[in-house]
Each structure stands twice: as structure tokens, then as C-alpha cells.
Amino acid sequence: MNLLVHGPPITSRAINKRLVAIMSSPFDQITIDGESNFEESDISLLETLDHVLNRGLVIAGEITISVADIDLIFIGLNVLVSSVEKANEVLRERDRLTSEG
Amino acid sequence: MGPNKNNKKDEAGSVFYVYGIAECGPAKEILSASSPVAIEEESVVRLIESGDLAAVVSLVPIASYGEESLAKNLTDPSWTALRAMRHEQVVEHFAKRISVVPLRFGTIYLEAARVEEMLSENRARLVEIVDRLRSREEWGVNVYSDRIVLLSTIISVSPRLKDLSERAAKASPGESYLLQKKIDTLKSDEARVEVNRAISEIEETLRAQSIDARRLRVLKVESTEHGELKAKFAFLIERSRFQQFQAAAEKMASELKMSGISLELTGPWPAYNFAGD
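Chains as they are written, first to last, in the working numbering: chain A, 2 to 102; chain B, 1176 to 1452.
Since the hints were made in silico from the structure, they are not lab data. It cannot be assumed that every hint is accurate.
[Claimed, not checked] Restraint ranges, calculated between C-beta atoms of paired labels, are given here: (1) Lys1357(B) x Asp96(A): 54 to 62 Å; (2) Arg1298(B) x Asp96(A): 37 to 45 Å; (3) Ser1351(B) x Asp96(A): 17 to 25 Å.
Ideal placement from N, C-alpha and C gives every residue a C-beta, glycine not left out.
Next comes chain B alone, as it looks inside the complex (with noise of 0.2 Å):
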């Protein structure tokens, strides 16, 4: 059964939920400091160890964690919700202080003897990951345009349309009517080109402000105050280069503001996004 003999009585029923992989020695002081709440709060974050790597895990319910259980369990909100926010708050315990490779929700092994092989067999991928993840955060970058200003905007910016509104302000009522309907039309299409091209424009730009970047999906979030979510982006940055990266993104705002694109920053985050693939 594995070299934990001594925890068995705790283990009935339980499985080993597993939160990210740490270079062992800094994850025990670590956790010698102090112990973030396990994912199952009854529980304690504890590490396996493999050679100088360690795999930070707790103990969790088979009955929940069971691969139907859980898929079940996924799909109540504030059940998955108060979970996902406790693996995060586990994995930041060690991230803002070590390098670790986060791993993703749900992770689960039946044996401890099973997590350590899992480091051994992957040791020399994961060693590598832990130090290109070394004193490098990641930042989210959130790009939303504001239809409205951007519509009112383009129409003052394109010469085009400048042209066909005066057009139709001195054209006969049906005349106008049409030459409207196409100033419409030009104006969502300028819009959606606008939007793009301050996309690409972003990435180009933070991209050379990082180590590393992701287009992320976007999810289907309602309009917010800021507009619409049009773009996502992550970006691996050295910890010690963030004011450059932070600096280039307010640069980046403010040029686009007239347009209505705003930008979101978010993080650090633990590097999910660059944690290999």
C-alpha cells in the first residue's frame, strides 16, 4: 500500500487531491511557517515528497472527489466556487513565496505511492518548469471595448463617414434615410476593424514587455461598465520588470481610451497559463 503506513486510519475513503509541484526543501519551510486551508477544510496541506521535488496535497472525500462525484459536484456553482477559490488560496500560499507549477482543479491520485512516482517519472520536465517559473509572475491583461463611445468615435475619426453624415443631414428625408443606414453599417464595420487592430496592437506590445504571452478564450460574460470582454490575454513577467510591463499597459490605455478600449490587469497569478502544455 505505499510507504504511509502511519496515516492509514485518516486515509479510509480519502484520496489525494493535488494542488502544484515545489522544489521540496523551500515548500517544508514553507508550510513549517505556516498551512493555508485545505480544499476539504477538515483536512491538512501537507506535501509528498520525491527526491528534491514535493507535490503539495491534502486528503479529500473519495465520495466527492470520485471521478462521477466530482463531475457532479462541478456543476453546483458555490460548491465548485468555494473550491476553486481554496485550491487558488493553496497554491498562492507557496507561489508568492517559491516557484511552484500549479496544477490544475481536480487533480486527484488514489495513492500516495502514485504522486510520487508522478514526480519521478516527470522529474526532469517539472524540475525544468520550476525554474523557468522562478521569481516570474503571471499577470492577466483584459481588453473591453465601450460600443458606444467607440461608434461615436469612429464616425469623427473616419473622413469617409465624416463625409456621407453631412451628406445626409442635407439630403431630401428619404435620401438621408438610406445614406444613414449605410453610415450604420460603415460604422459597425470600422468599429469591429478598430477593435482588432487595438488587439493585436496590445499583445504586440506587452508581449515585448514579457517573457511569454497567451490569448486566452474569452468567456461569455455580459456587458460590464467598461463594455464588452473582447480579448484575453496572460503574460509571464519577471517579478522584478513588472513596473516596465505595468507602465507600457497604462500607455497602452491611455491612447485607447478615445476609442472606448479600455484594459483590465490582473494578478499576480500563480503561472497556470505557462505551467508547460
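Just chain A, with the same shape it has in the complex (with noise of 0.2 Å):
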């Protein structure tokens, strides 16, 4: 899996490319639905995952479901790490047969 050459465009930001590259601006992006760009966006995924799975405010309070444990958390993560690849097997998958159907 070679994470850092794909990703979102970057050139119209990336001074060099090769040393600081200014990948994937997630605010806009990363798409996942309808036409997907998910190959391209591997990278992105890994980061956004690692923001949003493991970062943030949890207001807790008995009426919450306190489900983001982090232990869960860091094993669903590392589930991911290791199969981004099946992962976007089964999206583009998915996609086709959404596309399809």
C-alpha cells in the first residue's frame, strides 16, 4: 500500500510536492458517495479516521451511550490499517452496485 503518492489533489497547494505536500484538504475533497473518488482518497481516509475516531469532545452523561472507547476504538482502527485495501474492495463494491441498482 503506497500511502503517500495517492490522496486528493494536492499540486494546486503543494509548493513541493515531495517535501511538504500539502495533501488532502478534507474540507472539500473527500467524497464517498455516488461517484466515488475512494481510491484516491486512501490516505485521507486513514487521517480522517484518526480524527475523527479518535479525537474530539465526548460529553458523557448517563443518558450517553459511551461507545468511542478508545481501546474499541484503537482495534477498529488497527483493523483498518492493516485492510484500507479490502476496504475499498467492498466501497467500490458497493458503489458499483449502488450505481447499478
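Hey, can you piece these two chains together into the complex? The hints should help.
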């Protein structure tokens, strides 16, 4: 898996891609539904997971089902890291089915 | 049952997935202009209001998001990947326009009334975070080290190593072998020192260009084209000062290029790493 060469378009903002790759502006470039560019965004995926799964404020209360246990997420993330390729396949398949159906 | 009787029918077997918290007025405007795809696409992203704050939520089936089923679902990479991306897209939909307190993946409330309670009970703290994050964004900096490049430069940089390698070249085969062993050990020691020095320098330099900084844990990712991931930082940056930050990062990158150390800048992100702790 070649993590750094893919990624959403970076050229417009990357002064020197080799040195400082300004990749994955997640604000604009990650799209997953419809015509997916999932393949291109596998780095963004990992980065996104890293941000989304493990950080942020959790306001826990008695009523909140506190699901995002660090350990749990960590295991999930490990699984993901090792199988992003597989996830891509599955998602492509899903997209294909969605666009057909 | 809370003040949301009109939606009761949709809500059978559903719970509230909360993406983030924002100021009510601006969030409403955004949502009326365009709505992002919810984490479960058949559901609709909406707001639960309490005073001047609003939680960005959508309904999700308890069958998939209950504590146990969510734990199980999270071990399915394709399930999690898709949901995490959608979560991110919803947060970004707001974060790129207004100040948002991003919540972590998987924050679930059983009833709208509980979300309202959460908003009103934590109001002071939430308002403070919203204010702190205004016109600021998070940028990630990843530091990679290319060991081969680093090891080859180390020998030309370190006088001690240079001396040893000259001696090894002239020595008898046996002695040369032992010297070479010594050189190798020394090389990786010095390489490690150099990487750590570079990481501290990067942190210090970029911290000076940002509002706040966090060192993040490093995922165990295989080596990449740029080498091995050695450190990961998140910086909170004033939007208007991003160019200065970027310039500083590029300067660092060009200085460190010789040593096989490279930087990668990612963002802008919702301020996940600066949303309280």
C-alpha cells in the first residue's frame, strides 16, 4: 500500500510535493457517495479515521451511550489500517451496486 | 417523551447521533442552504436547539448504534470507514463555514430532550469552545524519516563516523569488519538522535506559528514512499495566518531534506484535537 502517492489533488497547494505534500484538504475533496474517488483518498481515509475516531470532545452523561471507547476504537483502527485495501474493494463494490441499482 | 412528538413515528427504534455543536442561528442558515448526507443516508441532518446553541444530529437505528452492536460494527472496516467519512463530511459542512465543536465518532443520545439537556448543562463551556475555535482551523503535520537517506548523510556529517570509515578502508579484513560493525551501530544511534532533534525543532518552530499544538500518537503504518512515520502533530491555526505557517513548514522541510526527513501537511480539519479535553 503506497500511502503517500495517492490522495486527493494536492498540486495546486503543494509547493514541493516531495517536501511538503499538502494533501487531502478534507474540507473539499473527500467524497464517498455516488461517483466515489475512494481509491484516491485512502490517505485521507486514514487521516480522517485518526481524527474522527480518536479525538474530539465527548460529552458523557448517564444518558449517553458511551461507545467510543479508546481501546475499542484502537482495535477498530488497527483492523482498518491493515485492511484499507480490502475496504476499498468493498466500497467500490458497494458503489457499483448502488449505481446499478 | 420530550418535545419532539411530531416526529415520533420516524423515531421508533432510532436514536440521535450527534456530530457537533454550533451556534444556533448560523447553523440554521447553513442547513437551510444545503444539507450534507447523514451518517445513515436515508436519514436527514437536523438541529436540536437549546438557547443559542444547537446540536447537529441525525437519527440512526438503535439496532446498529446500540452499545454492543456499534462495538461489533466498528470491527468491520468497510462499515466504519464509510460512517467515519460521512461523520467527517457532516462536521466539515459546518466547520468550513462556522465555528463548530466537533464531537468524536459515535456520540449517541437516546432522546432529543437529553441532547437539549446536554446543551444547556454544558452551555458555558461549549460557548467558550465555539468562541475559541472561531476562524481557526486544525492542520496536521506528519514527520517522516527515510532511513536510508538519513544513514547515508549521517556518515558524511559526523566527523567521528568519517574517521572510522577511513580507518576501516585501510585496515586489515578482520579489523575492517569489526570497525564496520561499530560504524553501523554508531550510525543508527546518531540517526535516532538526529530524528528526535528534527522532531523537536519542527514542533518548536511550528508551535510558534500557531495558537496551540498537540503531539498525537502515531499509528502503526507501514513505511511509505517518504519513509517511516515518526511523529504526528496537530496545530490550531488562525485562518488568516495559514500562509505564514505553511511557509515555516516549507522552510523546515527544505532544511531537513538532506537528512531524509520530510514533512506532510494535512488539512484543514475541524478542530478535533482542540475541542476541549
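Can the suggested window of 17 to 25 Å be confirmed for the beta-carbon pair Ser1351(B) and Asp96(A)? This hint is violated: roughly 59 Å between Cβ atoms.
Is 54 to 62 Å right for how far apart the beta carbons of Lys1357(B) and Asp96(A) are? 56 Å, holds
Given a hinted range of 37 to 45 Å, is it respected by the beta-carbon distance of Arg1298(B) and Asp96(A)? 42 Å Cβ-Cβ, so the 37 to 45 Å window holds.
Violated hints amount to a single one, hint 3; each of the other numbered hints is respected by the structure.
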